[in-house]
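Residue numbers (this note's numbering), protein chains in the order written: chain H, 1 to 285; chain Y, 286 to 675.
The set of hints was computed from the structure by calculation and includes no laboratory data.
Backbone N, C-alpha and C define an ideal beta-carbon position, used for all residues, glycine too.
To spell it out: a stretch of chain Y is covered by chain H in this simulated footprint if at least three of its residues, at any positions, have a beta carbon under 8 Å from a beta carbon of chain H; those stretches are: (1) 423-437; (2) 440-454; (3) 572-581; (4) 599-607; (5) 610-620; (6) 629-642.
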Amino acid sequence: MTTVERRFPEQQPDALFVPEMATIGRAENLTAQDRLFEIELPGGKDLGHKPGQFVEVSIYGFGEAPISVSSSPARRGSFELCVRKLGGLTGKLYTLGAGDSVGIRGPFGNGFAMEDFEGADCLIVAGGIGMAPLRSVVNTILADRDRYGRLILLYGNRTPDDILFADELEAWGEDDRNQVLVTIDRPAEGWDGHVGVVTTLFEEITLDPSRKVVAAVVGPPVMYRFVYVELAMMRIPEDHIYFSLERRMKCGVGKCGHCQVEGKYVCIDGPVFTGEALREFHESI
Amino acid sequence: MRGDPDNGVPVAIARVRGAFCPQCPGSDTAGEMFERSERFMRRAAVLSETGLREVLARACQKTRLMAPVRRGKTSFDFEWIDDPDAVQMDYVRTVLPPKKAFLPVREMLLEFARGAQQAAAPLLDDAPFVLFGVHPCDLTAINQLDWAMGKRHGVADPHYVARRSAALIVGIDCMPDEYCFCTSVDSSDAREGADLFLTPIDAGYLVEVLTDRGEQPLAESGDGRDATPEEEAAPRAHGAEKKRRVTTRIESELEALPDLLERRYGAEVFEETAARCYSCGTCTNVCPTCFCFDVGDEVDLLLASGTRERRYDSCQFLDFAVVAGGHNFRGERVDRVRHRWFRKFVYLLREHGAPFCVGCGRCSKFCTAEIGLVDVLNSVLAEAKEEAVR
Ligand SMILES: Cc1cc2nc3c(=O)[nH]c(=O)nc-3n(C[C@H](O)[C@H](O)[C@H](O)COP(=O)(O)OP(=O)(O)OC[C@H]3O[C@@H](n4cnc5c(N)ncnc54)[C@H](O)[C@@H]3O)c2cc1C
Ligand code: SF4
Ligand code: SF4
Ligand code: FES
Numbered sequence: 001m002t003t004v005e006r007r008f009p010e011q012q013p014d015a016l017f018v019p020e021m022a023t024i025g026r027a028e029n030l031t032a033q034d035r036l037f038e039i040e041l042p043g044g045k046d047l048g049h050k051p052g053q054f055v056e057v058s059i060y061g062f063g064e065a066p067i068s069v070s071s072s073p074a075r076r077g078s079f080e081l082c083v084r085k086l087g088g089l090t091g092k093l094y095t096l097g098a099g100d101s102v103g104i105r106g107p108f109g110n111g112f113a114m115e116d117f118e119g120a121d122c123l124i125v126a127g128g129i130g131m132a133p134l135r136s137v138v139n140t141i142l143a144d145r146d147r148y149g150r151l152i153l154l155y156g157n158r159t160p161d162d163i164l165f166a167d168e169l170e171a172w173g174e175d176d177r178n179q180v181l182v183t184i185d186r187p188a189e190g191w192d193g194h195v196g197v198v199t200t201l202f203e204e205i206t207l208d209p210s211r212k213v214v215a216a217v218v219g220p221p222v223m224y225r226f227v228y229v230e231l232a233m234m235r236i237p238e239d240h241i242y243f244s245l246e247r248r249m250k251c252g253v254g255k256c257g258h259c260q261v262e263g264k265y266v267c268i269d270g271p272v273f274t275g276e277a278l279r280e281f282h283e284s285i
Numbered sequence: 286m287r288g289d290p291d292n293g294v295p296v297a298i299a300r301v302r303g304a305f306c307p308q309c310p311g312s313d314t315a316g317e318m319f320e321r322s323e324r325f326m327r328r329a330a331v332l333s334e335t336g337l338r339e340v341l342a343r344a345c346q347k348t349r350l351m352a353p354v355r356r357g358k359t360s361f362d363f364e365w366i367d368d369p370d371a372v373q374m375d376y377v378r379t380v381l382p383p384k385k386a387f388l389p390v391r392e393m394l395l396e397f398a399r400g401a402q403q404a405a406a407p408l409l410d411d412a413p414f415v416l417f418g419v420h421p422c423d424l425t426a427i428n429q430l431d432w433a434m435g436k437r438h439g440v441a442d443p444h445y446v447a448r449r450s451a452a453l454i455v456g457i458d459c460m461p462d463e464y465c466f467c468t469s470v471d472s473s474d475a476r477e478g479a480d481l482f483l484t485p486i487d488a489g490y491l492v493e494v495l496t497d498r499g500e501q502p503l504a505e506s507g508d509g510r511d512a513t514p515e516e517e518a519a520p521r522a523h524g525a526e527k528k529r530r531v532t533t534r535i536e537s538e539l540e541a542l543p544d545l546l547e548r549r550y551g552a553e554v555f556e557e558t559a560a561r562c563y564s565c566g567t568c569t570n571v572c573p574t575c576f577c578f579d580v581g582d583e584v585d586l587l588l589a590s591g592t593r594e595r596r597y598d599s600c601q602f603l604d605f606a607v608v609a610g611g612h613n614f615r616g617e618r619v620d621r622v623r624h625r626w627f628r629k630f631v632y633l634l635r636e637h638g639a640p641f642c643v644g645c646g647r648c649s650k651f652c653t654a655e656i657g658l659v660d661v662l663n664s665v666l667a668e669a670k671e672e673a674v675r
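Here chain H stands alone, though its shape is the one from the complex (with noise of 0.2 Å):
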């Protein structure tokens, strides 16, 4: 009879919950909700992630928390994570500041396909702090922009004081490869440009039919399936349409069950998803 001797899994990170401790080496408010924050870690490594992944945060004794990654990989060093303050963890990482230490764990999650866009015109839709990992797109598409075709990006806000890297906005709209518009919900005192959602937007833009067209899709549940109709209608094949999914996660790492959609874990095999994917699911938008 054979057996089976008793083995020890190979050297798994036995740290798999603990953030490693970096520093935050700049911040400063974008809004009166939205926080940027350049981070540090130790030795002053790259975080090696792509775009559309995210990091969990945590302050101990206030939790842990997902939050995209807002810079491109192509910044060295340090990256940036952009939080909205909304409740016990995110309200405290908003009150810190140059010098105090987060712990970071990941990066996590699987992030936009940015091969499949290359070539193609890159159409961005952006909702409130979805423009977060978006703007990791962006600046991945610019750093390396002969790469990848027209840059459109619609950004919709509900008010011109929620409208986050605004001074970005105006810098990529200069080149004329790219084309940025920008939209809030309603009129507003001193705001004179584009007023409606953002999905008021695409009667704004034509693209060009001879062109392989991609999107990147991120911003709050309510606007996915209303974008999704302006992109069918568009005639955008759905598996190069990308959506950023948000759940309630806890560990990350595809175990705690939170992020669970039907048979997929957002952890894990998002928050990236491709409207093909979507399409099998019941409960995913």
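Fit chain Y with the ligands to the supplied structure of chain H, relying on the hints for placement.
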């Protein structure tokens, strides 16, 4: 989002999912991690009742012992015990399953000092212990957890692995009551995961020695003798009698369940069940295969230090799928109710090749609203069959 013409979403094209495959990749990843016992014994010994109590006494002294004890008139539970005489050899089911030996209801993942600049050390409990008195269904569940908390998705959970690797597991055979349905989920004569397995016989217990590690307690005991051929036949006979007595059953082959259930995603019975369910989470807490958890920080009174803790969570709780901003992805009770059946018999069955239910009957027995897991399942199956006929 299914194609839904009312919501302006293009109608979905039906897609054929990957076929059910018992050898599906990843289904055996746990096997690399822990010594597996063979389906059949390495050798058989006989221990008297006194001899067994002595083995347990030694376990209490040398290591730690978790075993079933009587809690109320008819209720039992696995507990850490010092008194070998308290061990209950004969019981139908405990309230909480033995998974709490590996996944405690609350457990510390790490200790921290507030504002620390250094990474905290993970708290890993690898002190050896004996887990005694595990029924075959619960053994099967431990195997499922080995997979789920093991290298599935590429990383093993170090806290689970530490406890699991430190355990010597002694199984024991049982007789079913009206809630048991182990025969429907292939868990009635499980041995995998156990180091020793006991079957009651006239002389005391027939002990199947299943692993090397299992030899140790017997070697230390002066009592064990080799079994006679008749005694060696006892487990089979006991198992056969047990199967005869099981009255509850799932009216379908396991392989067919995912597709059948999915075809009845909107089944009437989920609505009816939701109308009765309290979302109390008892069903998932008592389930030996449920492993969803929550993580949170506990800080001491002086706010100077604390621990990061993990505790059982339940997909039946209203806030399980709430995200910041308040959106709830399973805000309707029917969606949470359906999720329990679908996770066990569709999603994880497809992922693992075996259902995440081992037929222990706990969820049905302890449900506040007397909701029967198999009753609901069979109603969905009946609906699916009716539909197929139409
Ligand atoms: C993949 C991913 C990427 C993300 N990227 C970013 C990002 O780049 N930037 C960013 O700012 N955010 C991001 N988020 C969202 C962010 O993770 C949440 O805002 C964060 O988890 C909130 O944590 P908290 O501890 O501050 O809030 P919590 O204290 O947990 O609560 C925040 C809110 O959640 C809800 N809530 C929490 N618990 C309950 C409960 N028990 N019952 C009911 N409602 C409850 C409430 O609405 C509450 O106001 C991302 C999320 C995911 C999944
Ligand atoms: S679902 Fe119910 S019967 Fe099945 S293993 Fe869990 S508690 Fe036992
Ligand atoms: S134990 Fe019963 S009442 Fe409670 S959540 Fe489970 S099914 Fe609902
Ligand atoms: S966050 Fe825990 S399973 Fe995805």
